[in-house]
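> The listed protein sequences derive, respectively, from chains B and P.
To convert, count from 1 in the first sequence and add 770; that's my numbering.
To convert, count from 1 in the second sequence and add 770; that's my numbering.
Derived from the structure by calculation, the hints contain no laboratory data.
All C-beta atoms in this analysis are idealised placements derived from N, C-alpha and C, irrespective of residue type, glycine included.
Mixed in with the good hints, there may be bad ones.
[Stated by the list, open to error] What follows is a set of in silico ranges between Cβ atoms, one per label pair, in the way DEER data are often shown:
hint	chain 1	residue 1	chain 2	residue 2	range
1	B	E990	P	P1284	50 to 58 Å
2	B	Q1158	P	A800	23 to 31 Å
3	B	G804	P	P1284	38 to 46 Å
[Stated by the list, open to error] Here are the simulated PhoX-like pairs of lysine-lysine, each with C-alpha atoms no more than 25 Å apart in a straight line:
hint	chain 1	residue 1	chain 2	residue 2
4	B	K1123	B	K1094
5	P	K1297	B	K1259
6	P	K1017	B	K1017
7	B	K1297	P	K1025
8	B	K1025	P	K1297
9	B	K830	B	K1280
10	P	K1297	B	K1299
11	B	K1297	P	K1299
12	B	K1259	P	K1259
13	P	K834	P	K1259
14	P	K1297	B	K1017
[What the hints assert, rightly or not] Chain P residues, not near chain B, derived (Cβ > 10 Å throughout):
hint	residue
15	G804
16	Y992
17	P1031
18	D1282
19	L1295
There are 2 protein chains.
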Amino acid sequence: MAELGKNLIGLEWSSQGKAVLKAVNPKGLAELEGEFYTSTETEVNRAMEKAHNAWLAYRKVDGKSKAAFLRAIADEIEALGDTLIERVMQESGLPQARITGERGRTCGQLRLFAQLVEEGSWTEAIIDTAVPDRQPAPKPDIRRMLTAIGPVVVFTASNFPLAFSTAGGDTASALAAGCPVVVKAHESHLGTNALIAGAIRKAAADAGMPDGVFSALNGEGYRTGQLLVEHPQTKAVAFTGSLRGGKALFDLAAKRPEPIPVFAEMGSVNPVVFLPGYLSQNTEKAAQALAGSVNLGVGQFCTNPGLVFVLDHIGLPDFLAALKTAFAGSAPGTMLNPGIHRNFEFRKMGLLKETAVVTEFEWAGDADETQLQARQAFASVTGQDFIQNPHLHEEIFGPFTLVVRCADPQELANAVTALSGQLTASIWGETGELNGHTGLIDVLQSKVGRLIFNGMPTGVEVCHAMQHGGPYPATTDSRFTSVGTTAVKRFARPVAYQDCPDEILPAELKKDNPLGIWRTLDGALSKNKG
Amino acid sequence: MAELGKNLIGLEWSSQGKAVLKAVNPKGLAELEGEFYTSTETEVNRAMEKAHNAWLAYRKVDGKSKAAFLRAIADEIEALGDTLIERVMQESGLPQARITGERGRTCGQLRLFAQLVEEGSWTEAIIDTAVPDRQPAPKPDIRRMLTAIGPVVVFTASNFPLAFSTAGGDTASALAAGCPVVVKAHESHLGTNALIAGAIRKAAADAGMPDGVFSALNGEGYRTGQLLVEHPQTKAVAFTGSLRGGKALFDLAAKRPEPIPVFAEMGSVNPVVFLPGYLSQNTEKAAQALAGSVNLGVGQFCTNPGLVFVLDHIGLPDFLAALKTAFAGSAPGTMLNPGIHRNFEFRKMGLLKETAVVTEFEWAGDADETQLQARQAFASVTGQDFIQNPHLHEEIFGPFTLVVRCADPQELANAVTALSGQLTASIWGETGELNGHTGLIDVLQSKVGRLIFNGMPTGVEVCHAMQHGGPYPATTDSRFTSVGTTAVKRFARPVAYQDCPDEILPAELKKDNPLGIWRTLDGALSKNKG
Chain B
771 MAELGKNLIG
781 LEWSSQGKAV
791 LKAVNPKGLA
801 ELEGEFYTST
811 ETEVNRAMEK
821 AHNAWLAYRK
831 VDGKSKAAFL
841 RAIADEIEAL
851 GDTLIERVMQ
861 ESGLPQARIT
871 GERGRTCGQL
881 RLFAQLVEEG
891 SWTEAIIDTA
901 VPDRQPAPKP
911 DIRRMLTAIG
921 PVVVFTASNF
931 PLAFSTAGGD
941 TASALAAGCP
951 VVVKAHESHL
961 GTNALIAGAI
971 RKAAADAGMP
981 DGVFSALNGE
991 GYRTGQLLVE
1001 HPQTKAVAFT
1011 GSLRGGKALF
1021 DLAAKRPEPI
1031 PVFAEMGSVN
1041 PVVFLPGYLS
1051 QNTEKAAQAL
1061 AGSVNLGVGQ
1071 FCTNPGLVFV
1081 LDHIGLPDFL
1091 AALKTAFAGS
1101 APGTMLNPGI
1111 HRNFEFRKMG
1121 LLKETAVVTE
1131 FEWAGDADET
1141 QLQARQAFAS
1151 VTGQDFIQNP
1161 HLHEEIFGPF
1171 TLVVRCADPQ
1181 ELANAVTALS
1191 GQLTASIWGE
1201 TGELNGHTGL
1211 IDVLQSKVGR
1221 LIFNGMPTGV
1231 EVCHAMQHGG
1241 PYPATTDSRF
1251 TSVGTTAVKR
1261 FARPVAYQDC
1271 PDEILPAELK
1281 KDNPLGIWRT
1291 LDGALSKNKG
Chain P
771 MAELGKNLIG
781 LEWSSQGKAV
791 LKAVNPKGLA
801 ELEGEFYTST
811 ETEVNRAMEK
821 AHNAWLAYRK
831 VDGKSKAAFL
841 RAIADEIEAL
851 GDTLIERVMQ
861 ESGLPQARIT
871 GERGRTCGQL
881 RLFAQLVEEG
891 SWTEAIIDTA
901 VPDRQPAPKP
911 DIRRMLTAIG
921 PVVVFTASNF
931 PLAFSTAGGD
941 TASALAAGCP
951 VVVKAHESHL
961 GTNALIAGAI
971 RKAAADAGMP
981 DGVFSALNGE
991 GYRTGQLLVE
1001 HPQTKAVAFT
1011 GSLRGGKALF
1021 DLAAKRPEPI
1031 PVFAEMGSVN
1041 PVVFLPGYLS
1051 QNTEKAAQAL
1061 AGSVNLGVGQ
1071 FCTNPGLVFV
1081 LDHIGLPDFL
1091 AALKTAFAGS
1101 APGTMLNPGI
1111 HRNFEFRKMG
1121 LLKETAVVTE
1131 FEWAGDADET
1141 QLQARQAFAS
1151 VTGQDFIQNP
1161 HLHEEIFGPF
1171 TLVVRCADPQ
1181 ELANAVTALS
1191 GQLTASIWGE
1201 TGELNGHTGL
1211 IDVLQSKVGR
1221 LIFNGMPTGV
1231 EVCHAMQHGG
1241 PYPATTDSRF
1251 TSVGTTAVKR
1261 FARPVAYQDC
1271 PDEILPAELK
1281 KDNPLGIWRT
1291 LDGALSKNKG
């Protein structure tokens, strides 16, 4: 790994800066191999200029070639083999099975986008043919399709070192759309980033993609991110992380001379509602499902269920007891980095000390601080106190959940209505019981991007129908998703061609439909010529 | 017109305020009938609260009922007959034929959106069916569709008192999406707004739509707009007007505790390129087409061609001479309001005084100031001076255009490359000639929402394929359009249902596909059950 510490600027490795960063193993906090040069302003500018120049060519690269490039990235990532898996484990503290699974998801995602752009209908071609003899004026021929918006800056997530990172969903969907990508590497995953960047570099070179189609820069704190977001050639930003971080980028982008879209996925508390009929019939099952989801990956998922709504009815003590047993059966796990661990313990402890909050369970056994092990916990609060204290609605990132004990269905509805925007909500009920709660389901739907029935929110399927996004503060733009094939739409904008000669039209819009894609032709979907 | 001066808040007319506005006839500046009460903060809040409550019901109204409502609005507008036409003429100074045509466009637009939502495929249903036995984990059933984003605030345009106004494209597309609308009436069209608001009110009441699905408020200056954009129940903003106005709303929306999308269409200079072969063969035709487009509607279109790029070649003097003749044949027309007239004359005069600018033509005959008549003009500048003076790239709203005389094709390419985002660009060339300029066409495409071949940008077709929008500063979000059926996408966001019982699913997503709409089913478009 001779290039381990350098920034990747197009096809070139660069280390002009003097400052270096080191990666740390969360298990024991030892420094890992590699000195990572932070990028200088000159390097940031060169990456963005290269990205702009690459865009001029890359936006016109046909779907088949982009598909081959995306597949080559997946192949190169797999070719890294155990070198990659080991480095990710060292940098994240996550277990091997999880990392192997996440690599599969990352490569699967790249190949899914490859399939999408190879097929080509994602460009939403719409054709209205001319009516030359229309009165009072002729109707022109207008043909519209989606085209690449320009260079995209990607900020990577701490909690998915592969799938939401250097070659994650944001990068894959931007490259699929025809947009060059400049990644700001996560400070916790510097080596992982370098390995993946090298894989993308090789794929780009082998596929003959324009120099600058991909860059990856190291940087400490806010400065590199600010330079990237403020660069005039940056045309969109994707981010996965905290509300504070995402909002800061959103504000920077809004203040630019030319404002640009920021797609920030900032997490949420993912409320889970257990209807009373279900809970009394399935006490154990509900408790185990909830505990499993809260503690999965040491609670470090943006879809972690951080709020649970139940009625304070006769079966509740049994459920809380079962939940305690389930929580006690989960061993403390290592968190991703010292900041996340510190923040979790601090915020959890603060909450548990509040008068209105009842500590139902907190891990009392061993938890090794030097291994950043988190003490999982859950607490409860009345519906009334929950409604009156909006700070109880906020995310505590880690293995924690808050059970809201509602006095009656109306209080439960009020508590749910008081929530802000969420990535997901889940509702558990017997078949007939769900049908009796359509009003509550409507309220939940109005708050979320994804509504789950009798299931937990963790485990975000990468597919066509996935919506991973929701009203603010879950994301900065609820009209888009960061997971699933429609994520590509974030980085494309429509262009209409009026009375354009057929030989000049892009293949997607030509009369003969040479790509054989679905098009809306005079108002009706078809693959016809026209 | 007993209710002429009041604010419409849902189904109720309201006049709590003390301040009144008067409408003025641009032809002679006489005050028109009616005292219009400006809305108070209480009235603004009531309109937004009603809109929110209406949204809870209206977002679930089926497509057929929404279609009937939209068609009823069109019918009620037509039923206003000459009363409407006369008031619009009095308030805008526009001729009868134009207003009658614009009414046709407005009603046609409402009916086109009715057709869209009645058919139903606009909701982009995507279904990935379950694979219960998938390894290592079962694949859930996920079904996604677009749903209404929430109450939309619409700021109306000065230059289209009907088609981009109270019942214009923004209102029609928001109502089609399932979003209640609160209109801020334009100060120049207070009576027109009241008449149209009354028509929508009657249509809403007759169709049994929820109270609050539509409101229209009067207000002076910035204050009412600010209250509307900052109201917590406002979920999106649509605006057509100046860069200054649109950017101010964008900034307000970005600073909210919950930022919301603003779709501001802020106009552009709409560059027109005449390639030399075409120009030398069609000197007269080109001059007449350009003069016709520049002077159409007294130059008051957001697609007005404000910049013309030509090579400084042997045929140019003939073209400029023909253009002078064509401009001289157009009589000065009345502008929309005193502010627009004052601004046009001031900015035009400022430009014509600049050293680098050659005044090629300015109307020297009579022009009645009391009738707000504009003196049409055009000027020229060298390509080099144009590139070096970015302020020459800015829009002068009215009957004016600037011819950029480029020394050679490279300078022309550089001049076009220096442009910021535009709604449109047009290129005129002989068939073979266009094929020889694909590089230039690529540059133009990268700047615009619509690229026109051998045609002028004025005359925006309302159809499925229209893209009326473009990179900033043409609009605040190039990924959307304000004209054409896809305008509905601005006001909808996707929601995914995971493992939802069929009886609870919206009709669009039910297994049997009862609406018979196009859906992406396991990756392929079809109308199949699934």
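> State for each hint whether it applies.
Evaluated hints:
1. Taken as a hint, the range 50 to 58 Å holds for the pair E990(B) and P1284(P), whose Cβ atoms sit roughly 56 Å apart.
2. Checked against the given bound of 23 to 31 Å, the beta carbons of Q1158(B) and A800(P), roughly 58 Å apart, lie outside it.
3. The beta-carbon spacing between G804(B) and P1284(P), approximately 59 Å, falls outside the hinted interval of 38 to 46 Å.
4. Taking the CA atoms of K1123(B) and K1094(B), the gap is near 19 Å; set against the 25 Å cutoff, the hint holds.
5. The straight-line distance between the Cα atoms of K1297(P) and K1259(B) is roughly 23 Å, inside the 25 Å bound, and the hint therefore holds.
6. Note on K1017(P) and K1017(B): the hinted pairing holds, with a Cα-Cα distance of about 19 Å set against a maximum of 25 Å.
7. Simply put, K1297(B) and K1025(P) have alpha-carbon atoms about 45 Å apart, too far for the 25 Å limit, and the pair is violated.
8. Note on K1025(B) and K1297(P): the hinted pairing is violated, with a Cα-Cα distance of about 45 Å set against a maximum of 25 Å.
9. At most 25 Å may separate the alpha-carbon atoms for a hinted pair to count; K830(B) and K1280(B) meet this at roughly 15 Å.
10. Distance check on the hinted pair: K1297(P) and K1299(B) sit about 21 Å apart at the alpha-carbon level, within 25 Å; holds.
11. With a C-alpha separation of about 21 Å, the suggested pairing of K1297(B) with K1299(P) holds against the 25 Å cut-off.
12. In summary, the hint linking K1259(B) to K1259(P) is supported, as the alpha carbons are separated by about 12 Å, within the 25 Å threshold.
13. With a C-alpha separation of about 18 Å, the suggested pairing of K834(P) with K1259(P) holds against the 25 Å cut-off.
14. Between K1297(P) and K1017(B) the alpha-carbon distance is near 41 Å, which puts this suggested pair outside the 25 Å criterion.
15. The beta carbon of G804(P) sits about 33 Å from the closest Cβ of chain B, which is more than 10 Å, so the claim that it is off the interface holds.
16. With a closest Cβ-Cβ approach of about 19 Å to chain B, Y992(P) is found to remain outside the 10 Å limit, as its non-interface label requires.
17. At the 10 Å boundary, the C-beta of P1031(P) falls inside the reach of chain B, the nearest C-beta of that chain being 7 Å off.
18. Consistency note on D1282(P): stated as away from chain B, and its beta-carbon is indeed over 10 Å from all of that chain's, at 18 Å minimum.
19. Listed as outside the interface, L1295(P) is inconsistent with that label: its C-beta sits roughly 5 Å from the nearest C-beta of chain B, within the 10 Å cut-off.
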